[in-house]
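Full structure from sequences and hints, please.
Each chain is listed here by its residues.
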Amino acid sequence: MSKISYIQPDGNVLAVDAAPGTSVMHVALVNDVLGIVAECGGNTMCATCHVYVDAGDLVQLPEMEGDEDAMLDCTASPREPNSRLSCQIKVPAESAGITVRVPERQV
Amino acid sequence: MSEARTVLTGQDAVVIIGAGQAGFQAAASLRDEGFAGRITLIGDEPYLPYQRPPLSKTYLAGSLDEEGLTLRPASFFERNSIELLMGDTAVAIDRDKQEVKLASGRLVGYAHLILATGTRPRPLVAEGADLAGVHILRTKDDADALRPCLGDGSRVAVIGGGFIGMEFAAVAADAGHEVVVIEGLARIMARSVSPELSEYVTAAHRGRGTRMLLGSGVQRLTGDAGRVTGVVLADGETAAADVVLVGIGVLPNAELARDAGLEVANGIAVDGSLLTADPRISAIGDCANYPSAHDSGRPTRLESVQNAVDHARHVAARLTGGSYAAYQKVPWFWTHQLGLNVQIAGIGSADDDCVLRKDPAGEKFSIYRFQSQRLVCVESVNQPGAHMLARRMLAGEVRPSPAQVADPGSDLKALLTPAV
Chain Y
1 MSKISYIQPD GNVLAVDAAP GTSVMHVALV NDVLGIVAEC GGNTMCATCH VYVDAGDLVQ
61 LPEMEGDEDA MLDCTASPRE PNSRLSCQIK VPAESAGITV RVPERQV
Chain U
1 MSEARTVLTG QDAVVIIGAG QAGFQAAASL RDEGFAGRIT LIGDEPYLPY QRPPLSKTYL
61 AGSLDEEGLT LRPASFFERN SIELLMGDTA VAIDRDKQEV KLASGRLVGY AHLILATGTR
121 PRPLVAEGAD LAGVHILRTK DDADALRPCL GDGSRVAVIG GGFIGMEFAA VAADAGHEVV
181 VIEGLARIMA RSVSPELSEY VTAAHRGRGT RMLLGSGVQR LTGDAGRVTG VVLADGETAA
241 ADVVLVGIGV LPNAELARDA GLEVANGIAV DGSLLTADPR ISAIGDCANY PSAHDSGRPT
301 RLESVQNAVD HARHVAARLT GGSYAAYQKV PWFWTHQLGL NVQIAGIGSA DDDCVLRKDP
361 AGEKFSIYRF QSQRLVCVES VNQPGAHMLA RRMLAGEVRP SPAQVADPGS DLKALLTPAV
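First to last, the sequence lines map onto chains Y and U. Under this note's numbering, the residue at position 74 of the first sequence is numbered 74, and the numbers go up by one with no gaps. Under this note's numbering, the residue at position 178 of the second sequence is numbered 178, and the numbers go up by one with no gaps.
Honestly, the hints are just simulated from the structure, not real lab data.
In silico SDA-like links for lysine to any residue, alpha-carbon gap of 20 Å or less:
#1 Y/Lys90 / U/Gly68
#2 U/Lys358 / U/Arg391
#3 U/Lys329 / Y/Asp73
#4 U/Lys364 / Y/Met64
#5 U/Lys364 / Y/Ala70
Here you go:
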């Protein structure tokens, strides 16, 4: 098990267990994490599961695909270099954990 | 009857009939907008609100489990004080008393009622339609009944080449089954997509070995000892089948509204702000027939996640903010078949002029559909960037001309960026 830490805009942190291979979006929904809307259910269609990945954790993730890149141009909160769609981030097998920041707005 | 209010207060109760994507979103958005009154969400299925799109895709294929299907865990509804009445059915609306009657006998009063009753599959009227092995696909129970049939090498017949039928055909073909699709019209997904896209997707299914019988009616289904064995076509040929999926469209669940005296015409009739003739009753999602700004104000009933979600948000904003602005969102939807990511923005018509714009690298293209030189719809295959751009273009007035789309050297994105 790895840990995913979700940091809310107000600084609140929720750290939860996550099985390798599950998506950061899925783990957020199951644990009722605030601010992950996931309107399309994880199909890279809506950009409402936007997160900012901790810079140190970004390197352990595979490069994003073109469709995720296209969707990130349409986020409600500004896109940053560490922006990702949490539906496309799978918890790596060899990982102590990932920390992500939840944006102010998803819609 | 109390006086109709434009903005609800914390003393008011909202009742939502239907706990699908639209009903769920209405409840969630009311809380997002700060509504503090009582919210009751009524659903006739005995499950927490769940997503329907995966039922014909990843859930059916087995790559998404039940937990992944659920929209939110129970804790979400508790935290937001959303009362869930699951496994109960609304049977009548008393508009004078502002009260909903449930099958259990329970009465629930409302200051505002949101109808999010959805649709149900159109039944196949043919001899043998009730044989074992003949399925429909709308609910989780339907998918659970269908899933085991995909375990062993079966002969699968799909009656109806709409989205559900074609998505199921794709999953069945991927699982190694022998698949035949029987469509009464001359092309698949004809109500929603251009002839060009129909043709492309048809070729993809044929390439996977699926038999595509277009313009082909169904006479009856044959059976042996109560189980289906085949589909007899209008021309007399029989397609052998162990499993039959019927996907011939849906009927809006509008009976509750009709019985309550509300106007019903291909769904529950609402105005531009998604309100029925009763100022205390709104209708949203698949069941609502509204004048669409994206279809020349024509009465429009759409069946999609986007439509459900955006309708719900619109009504929540009206109930909490009092604005009766018209709903304006660009319709969009998607289908995944055989590795193709098909995304559609806007509403096309049969007589559109279509312009193809292809990415030279691989199987990526979009079909731009025009009405009198005005862009009204874009269908993208494996081109999410073009799809997102289309959504933005269709939301505004700056739209490319057919000539600009046809010119592979033109930068469509630059059109939306104001010149510095």
